[in-house]
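J.: Let's have the full structure, built from the sequences with the hints guiding it.
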Amino acid sequence: MQLIQPSFNVMLGVLFGFSISPFFKSGILGYFDLMLLCVGIGLVLYLCIKRNIDSYEIFNLFLLLIICIVIMISSYSFVDSESYFEVRKAFYALVLFGWCSAWMMKLTIRRSV
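The C-terminal residue of the sequence shown carries number 113 in our numbering, and the numbering is unbroken.
Be aware that one or more of the hints could be misleading.
[Said to hold, decoys possible] Ranges of calculated distance between the beta carbons of each label pair, as one might list FRET restraints:
id : residue 1 : residue 2 : range
1  : Thr108    : Ser83     : 33 to 41 angstroms
2  : Glu86     : Ile53     : 30 to 38 angstroms
3  : Tyr92     : Val70     : 18 to 26 angstroms
4  : Arg111    : Tyr46     : 30 to 38 angstroms
None of these hints come from the bench; they were simulated from the model. The model shown is predicted, which means the values in this text are computed figures rather than measured ones. Glycine included, each C-beta is placed from N, C-alpha and C at the ideal position.
T.: Structure representation (structure tokens):
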């Protein structure tokens, strides 16, 4: 199980994907996304308290909070909600690629030892 466990930065990347959403435009699903984002941020903050994180991860967490605030403030200025979906899908693909590459790197290192 340790082999496929995502890194802290991959978890933050998924939360970045959750933050790119028209929260207050898409009805009940927008509020559901907002609730999942808040639960995810709560879990990440719990992990921050539980384990020692470095400055790179703290900076990524700070960027996540800033992006969430900017997206929530500017949500009404964006007209096309399809662009949100496309950006979100591309971001999830990048996060999946990062998680798989980290997983394969762990597998390669484990085999060479």
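J.: Against this structure, judge whether each hint is valid.
T.: How the hints compare with the structure:
1. Between Thr108 and Ser83 the C-beta distance comes to about 37 angstroms, which sits within the given range of 33 to 41 angstroms.
2. Under the hint 30 to 38 angstroms, the C-beta atoms of Glu86 and Ile53, about 31 angstroms apart, fit the expected range.
3. The hinted range of 18 to 26 angstroms is satisfied by Tyr92 and Val70, whose Cβ atoms lie roughly 20 angstroms apart.
4. Look at Arg111 against Tyr46: about 33 angstroms separates their beta carbons, and that is inside 30 to 38 angstroms.
Comparing the model with each earlier hint shows no violations; every hint is respected.
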